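Asker: Make a model of the complete structure from these sequences and hints.
Those protein sequence lines, which keep their order, are chains A and B.
Every number in my numbering is 4 more than the matching position in the first sequence, counting from 1.
Every number in my numbering is 175 more than the matching position in the second sequence, counting from 1.
Please keep in mind that the hints were generated in silico from the structure rather than gathered at the bench.
Among these hints, one or two may not hold up.
What the hints assert, rightly or not - With a cut-off of at most 30 Å between alpha-carbon atoms, the simulated BS3-like pairs for lysine-lysine come out as follows:
1) Lys284/B x Lys55/A
2) Lys505/A x Lys216/A
3) Lys501/A x Lys508/B
4) Lys329/A x Lys284/B
To be verified - From the structure, some residues in chain A lie toward chain B, with a derived Cβ separation under 7 Å:
5) Met108
6) Val278
7) Ser470
The structure displayed is predicted, hence computed values, not measured ones.
Every residue, glycine too, gets a C-beta built ideally from N, C-alpha and C.
Given next are the chains, with one letter for each unit.
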Amino acid sequence: MVSETVVELSRWQFALTAMYHFLFVPLTLGLSFMLAIMESVYVMTGKQIYKDMTRFWGKLFGINFALGVTTGLTMEFQFGTNWAYYSHYVGDIFGAPLAIEGLMAFFLESTFIGLFFFGWDRLTRVQHLGVTWLVAIGSNFSALWILIANGWMQNPVGAYFNFETMRMEMDSFAEVLLNPVAQVKFVHTVSAGYVTGAMFVLSISALYLLRKRDVAFARRSFAIASAFGLASILSVILLGDESGYEIGEVQQVKLAAIEAEWETHPAPASFTVVGLPNQEEQVTDYAVRIPWVLGLIATRSLDEEITGIKDLIAMNEVRIRSGMKAYDLLQLLRNGNDTPANREAFSAVSDDLGYGLLLTRFTPNVSDATEEQIKKAARDTIPQVAPIFWTFRIMVAAGGIMLFTFATAFYYTARRREYKTRWLLKLAVLCLPLPWVGVETGWFIAEFGRQPWAIGEILPTYVATSTLSETDLWLSIAGFAALYTFFLCIEVFLMVKYIRKGPSSLETGRYHHEKLGETQHV
Amino acid sequence: MFDYETLRLVWWLLVGVLLIGFAIADGFDLGVAMLLPLLGKNDTERRVIINTIGPHWDGNQVWLITAGGAIFAAWPLVYATAFSGFYWAMLLVLFALFFRPVGFEYRSKMPSARWRNNWDLGICLGSFVPALVFGVAFGNLFQGVPFSFDDLTRSTYTGSFWALLNPFAIVCGLVSVVMLVQHGAVWLQMRAGGAIQQRSQSVAALSGVLLSALLLIAGIWLYTAIPGFSISSDVIGDASSNPLNKTVVQSANWFGNFAQYPLLWCLPLAAVVLPLLTSILARAQRSGFAFVSSALGIAVIILLAGVTMFPFVMPSSTDMASSLTLWDATSSKLTLEIMLWVALFFVPIILIYTTWCYVKMWRRVEPEFIEQNNISNY
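Answerer: And the structure:
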């Protein structure tokens with residue numbers, strides 16, 4: 005077995021590379037649609053300024069996109085390099101959406117992105133508009149397949165364990181595709197991407213308006229961003245609530261951790277607004293609770309209970325014992341005792357095999373685990389509550405503030421007063437980091453909240469890694485950290501430089517730094 | 176629709192198609208990027224070089240990503256074992272590839288010469304290293320890779336990174352580098368204007384001779400000094416994927432398939448002749464035909480490697496029974512079937528719109544064009 009440290013370091017490396025990757029992805033998702041909208045307005049109205057908008061925001065899009073591609077490369081290969089046992093164990097199901105993502109989405113996005121940048125004088129207006137839409141659609145399809153893959157990690161449907169190949173195999177592709185968790189996650193996540201794109205444009209436009217430069221350009225950008233952003237943030241929040249419902253159905257542990265619900269209370273459950281979760285004592289100190297609300301969110305009813313952590317641990321202990329039987333029978337089957345009776349006995353308990361594997365962390369010999377080891381493994385089925393509890397609240401707060409900002413921006417834009425409402429412009433500028441706070445905390449909750457599982461209730465993270473040494477991992481983490489940080493610094497440097505230049509960077513002679521004065525049609 | 180055995184065979188071909196697609200499509204822009212500092216004497220010339228691949232490198236690179244995804248989906252054991260075993264080689268490829276998207280996109284965003292020269296170096300090395308490592312990886316597959324499976328099918332790799340860099344593997348690495356350099360040079364001859372066109376013609380002509388020579392050396396080496404593998408138990412094409420259910424023995428060399436089907440000898444012959452043909456066509460300034468010939472050469476070389484090892488995909492040198500073959504390292508029948516339909520549906524669509532993009536962007540990139548369109552080009 006691999007050492008605890010290798011597992012820890014593998015997780016750190018995955019978290020590092022995935023979180024870096026997701027600094028760039030949501031902006032690509034959101035900006036690509038905003039570009040498509042701006043260019044549509046250009047093609048419909050024929051007004052040059054909308055073409056300039058598409059090209060300027062497109063420049064910033066390109067600076068961001070390069071790093072999205074760069075950090076995305078790692079994601080495609082890292083399952084194999086660092087999570088080899090995972091790749092073997094679930095590749096039969098998990099590999100398919102990744103491959104389809106390449107064929108259906110990534111090819112589309114990447115082939116047409118070249119034409120988006122270089123095709124302005126080679127394509128008709130309508131052709132170029134089509135290209136821009138295809139980039140946007142491609143990037144969104146990409147997100148769809150990745151979230152189908154991730155949704156399956158959270159809620160592995162449509163698959164069974166095959167003892168002959170020692171892995172999970174697909175028995176229904178339709179179930180994998182229509183996995184309710186994947187559907188909800190997809191809409192929640194791409195909407196968060198749209199919010200990121202909208203906030204990016206809103207904040208930078210607000211900056212120009214505060215400095216009273218390129219006003220016509222900035223006002224139009226601000227208007228599109230506020231409308232698109234408001235629609236998107238509403239969708240994020242609505243679908244986030246839908247996620248809460250889905251989680252309540254299939255990931256009770258995660259829900260209980262988000263809410264720090266130690267005990268099962270009589271329905272309807274109350275919602276803990278804040279408090280200090282204490283994992284040792286299994287209580288939440290200083291909790292402030294609102295009655296009924298959690299029950300409504302998670303069960304859509306007033307009479308269903310939400311199972312608390314203590315009861316979940318007890319339930320999981322039962323499944324661990326059943327998993328030990330499954331593990332024994334698996335050994336029998338693989339060691340040549342492939343009798344119908346053994347097969348039948350195994351298939352009765354094979355759903356709990358993953359719980360049996362949880363014990364490998366505490367004993368080399370699962371069959372002879374002691375009572376104490378079983379208890380430990382059962383407690384270990386609950387992730388650390390406090391980090392999940394807090395990041396969830398940070399995510400929700402970020403969403404709330406952005407809702408307020410987009411709503412007021414939309415309101416003032418509709419009344420044509422946004423460009424002189426300085427507090428609003430300042431607020432918009434200050435909100436710039438919030439989408440990233442929201443998406444990174446969101447992914448943290450989704451992935452950290454899934455622990456101790458790599459594939460929910462099927463494959464423990466502990467057994468999912470490659471057989472690597474600690475030195476390998478220390479060095480590779482250092483390599484990723486150094487390169488990614490280096491690239492990120494350059495990216496931010498270029499972003500700032502081009503944001504300062506503004507649309508003047510197009511060198512059309514029409515904008516602020518080119519000293520030809522403002523365009524007059526404000 | 177298809178039985179399991181046929182599906183497995185078809186997927187061996189399809190993975191080959193994706194690898195060939197990658198080597199042809201991304202291959203020329205890797206080659207072009209390797210030639211960047213060599214052929215571009217000043218900034219404008221270098222921008223000419225980069226802008227011949229400007230609209231296309233990104234789409235081309237997806238062949239690599241898709242090949243990775245397809246291997247994950249169709250050959251999960253190969254994906255798991257090869258990528259984790261070749262850990263440092265894979266990371267080296269990744270770290271190198273990072274410099275391409277960033278380099279292409281950022282190099283012309285600042286006027287400073289130092290800034291641009293550094294990125295050019297990054298782009299060049301970022302293309303050279305993957306080309307070399309992929310060849311080295313193939314070279315090691317022929318020699319067998321030190322890995323074995325335990326009773327839960329967890330693979331353990333016992334070699335080191337440095338052991339990968341043995342002389343035969345380095346010759347294979349050079350084959351890969353020179354092959355892509357020639358491909359890139361032919362592309363430049365076809366698409367770049369000014370002095371670049373002339374210089375790339377010489378590189379294309381010269382590298383063809385070098386490539387044929389390297390292929391001959393690698394072939395003779397393989398024939399005389401490297402033992403092959405063969406399956407000694409019955410091959411059951413529709414058995415479940417468990418590599419440990421077979422036995423494998425060493426054979427005199429890897430040319431058993433050629434002894435059995437002598438017609439296969441056409442492949443090594445074509446592999447050696449096509450680079451020379453490309454050289455001649457490049458010299459004759461028929462760059463379009465030269466590009467086709469070079470693409471064909473790449474396809475033949477990769478096919479040759481696959482056919483030679485057939486049915487092995489990743490032989491093991493430490494526990495021969497753990498060797499992965501196309502019969503026992505695949506996904507389930509259902510997954511192979513679904514992925515086959517997906518591939519049959521999407522690959523033609525991809526080829527159609529990719530072709531449209533090339534047609535739309537087809538022009539010779541002249542130095543004047545770069546200077547006049549300073550902002551809208553890389």
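Asker: All the hints need checking, so say for each whether the structure fits it.
Answerer: Hint check:
no.: 1; hint: Lys284/B x Lys55/A; result: holds (21 Å)
no.: 2; hint: Lys505/A x Lys216/A; result: holds (14 Å)
no.: 3; hint: Lys501/A x Lys508/B; result: violated (53 Å)
no.: 4; hint: Lys329/A x Lys284/B; result: violated (63 Å)
no.: 5; hint: Met108; result: holds (6 Å)
no.: 6; hint: Val278; result: violated (41 Å)
no.: 7; hint: Ser470; result: holds (4 Å)
When held up to the earlier numbered hints, the structure conflicts with 3, 4, 6 and fits the remainder.
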